[in-house]
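Visitor: Take a look at the letters that make up each chain.
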Amino acid sequence: MSQSSATLNAPQAETQVHVGLARMLCGGVIMDVTDAEQARIAEGAGASAVMALERVPSDIRKEGGVARMAAIDKVLEIQAAVTIPVMAKARIGHFVEARVLEELGVDFIDESEVLTPADSEHHIDKRAFRVPFVCGATCLAEALRRIGEGAALIRTKGEAGTGDIVEAVRHLRLVNREIRMVRSAPREELMAIAKELRAPYELVLKVHELGRLPVPNFAAGGVATPADAALAMSLGAEAVFVGSGIFKSADPARTAAAVVKATARWNEPAIVAQACRESGAPMRGQSAAAMAPDERLATRGW
Amino acid sequence: MQVGVLALQGGFEPHLAMLSSLGVAAREVRSPLALREVTHLVLPGGESTTLHHLLELFGMWELVRERHAAGELALLGTCAGAILLGRAADERQRPPRLAVLDAELERNAYGRQRESFSARIELEGEPLEAVFIRAPRIVRVGPQARVLARHAGDPVLVEAPGVLAATFHPELGRDARVHRRFLGLAVRGAIAV
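Chains as they are written, first to last, in my numbering: chain A, 1 to 302; chain B, 1001 to 1193.
No lab work stands behind these hints: they were computed from the structure.
Incorrect hints may have been included.
Stretch by stretch, here's where chain B covers chain A in the computed footprint (C-beta under 8 Å, at least three residues) [what the hints assert, rightly or not]:
#1 19 to 31
#2 102 to 112
#3 163 to 171
#4 202 to 210
All figures in this text were calculated on a predicted structure; none of them were measured in a lab.
All residues carry an ideal CB built from backbone N, CA and C; glycine is no exception.
Based on the provided sequences and hints, a complete structural model is requested.
Guide: Printed below as a string of structure tokens:
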């Protein structure tokens, strides 16, 4: 890349460029796709980005095995098919998969618990990359640890591949509740809160000052219908990721368009009702509450 | 005057915050009804294909064009918003454009996110920190439009009667000059501040 001498390379400028892209995705829907055909359907339905992966989460659950980054040919095929940003998933801690995706020119990397973790203790040092990262979080402390490592965007983990929104709702509510707690705490208590949360002090201070995360927070993991998307937005999510919910539904193009519609105008029941009516039959789904602890993907990472 | 920010998708929050810092309580515009009530509208950054899709879906695409043509609606477009305001350098390039700005814009002209950058540009003789995110490039400026700022020779901020377009994101910085300029755009029946 050659830019003029006036180009800023300071980490702060880099952060602004990366968090800036996350802000541009707000109000939109990011859809999981496994090939060019699906990517075109997503773009045509108004998706603001697509997420390239090998198998959608519900198939990963069903088929088992080790879930890895998508095949290179698939990522390239998807990039060639659409003009919207292309994201791709790398395994937790697998910084070489992330380097490969960066090399391919992927616009955003999801260090994702949906794939089989490559490192049981450490996440990727995301500041060392020229592309932004999104990471899942179940609570404020986890979100702040990922932001501390350089994540430019946070999403709830939810429980991917279930079509059950309950875990995403739990994570959104918990993060919001903890933010309110940090916001209202007196300044001198913030260090103890940081110690308690096991989160970086500077970021706890930032949350105290802003009353929100320093990066956008999106919903993911179990969003299956236009109403689910609108629920997540109502609980403060700034955009939604939809995985299995689109391409495991009866009519992916219609479901995709309906979820986009409901997300853009989530606060208007008449519009959400229209979107629900226009949507294809949703994926069948699987109750997250009925799952054994070792079947849960949200427990991966810390 | 009544200022609105198109809030269907994209970086509308930072625009609302920037306008608020100037003492302007802008409203979020998501419907034709709200669109009819504003004299100044920001088309934010986001995905231009998504923004076009939603503007069409909710019956606002032609309405933006009509109200602007009637001199009732001043427009500020940043990044994706600027793409929609101008014309396509290549007619086959999606999405369709409003063509209310006499300039041609090429999408994703600098490359992918890896090639996004921030740079110091100059506006009205003073420096401005500009963030370019998967930015478009203005490849031709017609006689109706005037270039206000450049980066590496390319126009990055252009103005025409009732329209202002930036290929960067003035809403992500602290410098409010672009927004002030936008608020100064004249529309019929409204007094500019």
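Visitor: Each of the hints needs a verdict: does it hold here or not?
Guide: Hints versus structure:
| no. | hint | verdict |
| --- | --- | --- |
| 1 | 19 to 31 | holds (count 8) |
| 2 | 102 to 112 | holds (count 5) |
| 3 | 163 to 171 | violated (count 0) |
| 4 | 202 to 210 | violated (count 0) |
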